[in-house]
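Trainee: Chain by chain, the residues:
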Amino acid sequence: MTSFTLNGAAVEVEVPEGMPLLWVLRDELGLVGTKYGCGIAQCGACTVLFNGQAMRSCQLPISAVAGAEVLTIEGLGTPDDPHPVQQAWIDEQVAQCGYCQSGQVMQAAWFLSNNTDPSDAEIDAAMAGNLCRCGTYPRIRQAVRRAAEMLAAPVQTFDPLTDSGEG
Amino acid sequence: MNPVVRLSRRRFLALTGVSASGLLLGGLVSGESYAATHGSEASGQRLNLFVSLLEDGTVEIIAHRSEMGTGIRTSLPQVVADEMEADWARVKVVQALGDAAYGSQNTDGSRSIRNFYTTMRQMGAAAKQMLEAAAAERWGVPLEQCRAEQHRVLHSDGRALGFGELAAAAAQQEVPDPAALTLKSREQFRYIGRDVPMVDLHDITTGKAVYGADVTLPDMVYASIERTPHLGGRIASYDGTAARKVRGVLDVVELKAPEGAPGFNNVEGLAVIARNTWSALKGRKALQVKWTPSEHSEHNSEAYLDALQEKVRSGPGQVARERGDVDAALATAGKVIEAGYRTPYLAHAPMEPPVTIAVVRGEGCELWAPTQNPQATQAAVAAALGLDKAMVKVHVTLLGGGFGRKSKPDFSVEAARLAAHVGKPVQVAWTRGDDIRHDYYHSCSAMFLRAALDEEGNTTAWLARQATPPIGSTFDTSVNLMEDGDLSQTFGSVPFAVPNLRVESHEAPAHTRIGWLRSVYNIPFAFGVCSFVDELAHAAGRDPAEYWEAMIGEDRHLDFAPEGFEFSNYGRPIAEYPYDTARLKNVLRTLVANIPWGEKLPAGQGWGLAVTRSFLSYVAVASKVSVADGKLQVLEMHGVIDAGTVVNPDRVQAQMEGGMIFGLSVALLGQIDFEGGAVKQSNYHDYPVARIQHTPKTIRSHIVPSEALPAGVGEPGVPPVAPSIANAVFAATGKRIRELPLSQHFSV
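Chains V and L are the protein sequences, given in the same order.
Numbering follows UniProt numbering, with no gaps: position 156 of the first sequence is 156.
Numbering follows UniProt numbering, with no gaps: position 137 of the second sequence is 137.
Don't take every hint at face value.
What the hints assert, rightly or not - Which chain V residues face chain L? A few, computed with CB under 8 Å, are given here:
| id | residue |
| --- | --- |
| 1 | Glu28 |
| 2 | Gly30 |
| 3 | Tyr36 |
| 4 | Gly77 |
| 5 | Pro82 |
| 6 | Gln93 |
| 7 | Ser113 |
Rather than coming from a laboratory, the hints here were simulated on the basis of the structure.
Virtual Cβ for every residue (Gly too), placed ideally from N, Cα, C.
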């Protein structure tokens, strides 16, 4: 039995040893917003925040998750109350097929939690591990800039583990 | 612990949107209807095949095409809503089941708007007229006095009834004859031509959108399949003992492949069935399996392409198109230029690998799949299980990218066969390795071009030969020669006003499953043709943009028939969609006018351009590159598209951006190699696709305003990209690269 915090709520799972968090989320907990894309940390589609840091959930065995705080796309915001990064993604109409966008949004949310005034080069470096086969990169750049502005506004604060929507 | 979250059947039915799937009323589109024979869960009053109306005023519009990122679930319903005078805020888009009643659902070939624009306008207009007729009946006034406007029907005296109030009465009205409908004039459009946001945008961005693998059924089991590494291989022997001992593994099942051409059948494999994905993957690693060799198990792609290249260089092939006397012109020319080009196999590699959930119950099979072509899925599964098509129900989820891969339903056939064997719902999910190694590959190609130039540098003869394994081989193994239909994609349909021209085809037998990939043969052929025009311009000492105009020649509609060439014109009559050289030149001129073409650049930088017509759209692309210390960077990409009438400009922009970046992957990175019949690559580390850092800082597209018939948008942005970059590399360095990807010559 492994216990951890998922989108602000305590969860317990009993799964085969070594099962990556990605499959725990998807197959065992039914949280399917986190996507499989490659299984070897090459595409970023499975990105979640793990103790506040963007991580590829396909590379996190369940044993490493014990006691951790995990935030997935479902916990970041909701359609009615999107997180600023999600709002920026909507405003810029980033998505095409959308499959990679959960990972892109989580990666950007983590990046902007540490840097609200990023340079173009910093944005590219931060997003370099997240593939989009549809080629939404130009709009991802714009959306990250827009989200940075929203997050830098004085009334906005962002802590990925407390500002987590409805979880 | 058991899973704590499971979707109820009701919930996943809601998620997959079968609620208004449908009863055919009115005969606006004819055909067999699944729903007509199996009943429907329609929640509203059905006005026609695509439109139903709830008492609360909600308009349900069927999206019968698949959403893989083009925005089609928005743009076609947007057309219906406009003609219907429905308020877009009260429209609910409902995904269709696979059902021939809707006409073709094959979301491929950049056809959705161009083939259904008029139909969708008629659906909307018919619904509107039925609502007006219902109001006229209610009020007892002539129809002419009633006019629908923004979800209400208004009477000339000021009375009004909401659409919802009229739902039941409208459904009883006679369905109008489509030919007799009055469609809106352009000035009356509310939504057509406007940037309506994608209906799935919020769900996608908040992780709630439902893709193939996101569908869960009670008691579902998970399968992972080890497949023959080479085409035609069969299981020689296997040992599943260790696999069966893996915790969570339920069974190991042989998945036989039928004899004959690959078609849409599964390839032979060994499936591990487990309680969850992870156990299935672990069990699969523990399998021991030996495969029989086949006629393809020695296929080596490098040697194969070398041989094709030699063949096209050394001898004449079958003539597909001929004008004048090429041989005489070449023999007497002052200058002869020739070049060979080659392009590799490519994999589609959509972010979501193929996946299907299937269940066989009673005499029927029900599937959930991210399919571009649910009717092909239905037909292939019916054939595999020996069922009547009407007993196969296909739900279309969102697609995590398609690019042509997901119109081949082999993966759904696997799920259906396993579901029939297991007796429970089965999810077959491909790993990325499966996807890269068992694709329907974009064909490799070898091309050879030779031209004669006169003293002014004008081209007087154009000889073009190619050898390219054709897609037809996937369905008939005896097919090994490109026909006019294949060559209609750029190579045979070049628009050049040269007096002597010949296009030839050499045999190229296939050694893997060849399939269509976003813009198909236009990729290799535009690379060869548009690179060679650039070479001729430089050989003539002339500006490439000016030379392109000279090559295209005067304004005219091309007629291929006198030259013995059956131009397929992407399935549309040439009279309806002429090949118009004025429009081709216009995108080129617009492009050049919008970039600093001819600017003085620092050493190691250059501009290149290319012009193509594909899927009935005219596109010109220019790229600016820098090459320094062996590192190639694309600094800017600019595209101009004339796609005729445009429904949703922002989505056309997005398709151009995406198409150009897809082309960037082709130009810089994409390469699939075979050795011993098997694909060498296995994932994104060795089959790289463009990342954000490859993407030019400046990437712009311009849509030519047009009232011409709508043309394709999803694919046409791709073909000109690779030659524009290779031409820019030449401008920057003087080095002519005649093979893709460019990563073979530069670090990228």
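Trainee: For every hint, state whether the structure bears it out.
Mentor: Now for the hints, and whether the structure bears them out:
| no. | hint | in the structure |
| --- | --- | --- |
| 1 | Glu28 | holds, 5 Å |
| 2 | Gly30 | holds, 3 Å |
| 3 | Tyr36 | holds, 7 Å |
| 4 | Gly77 | holds, 6 Å |
| 5 | Pro82 | holds, 6 Å |
| 6 | Gln93 | holds, 6 Å |
| 7 | Ser113 | violated, 18 Å |
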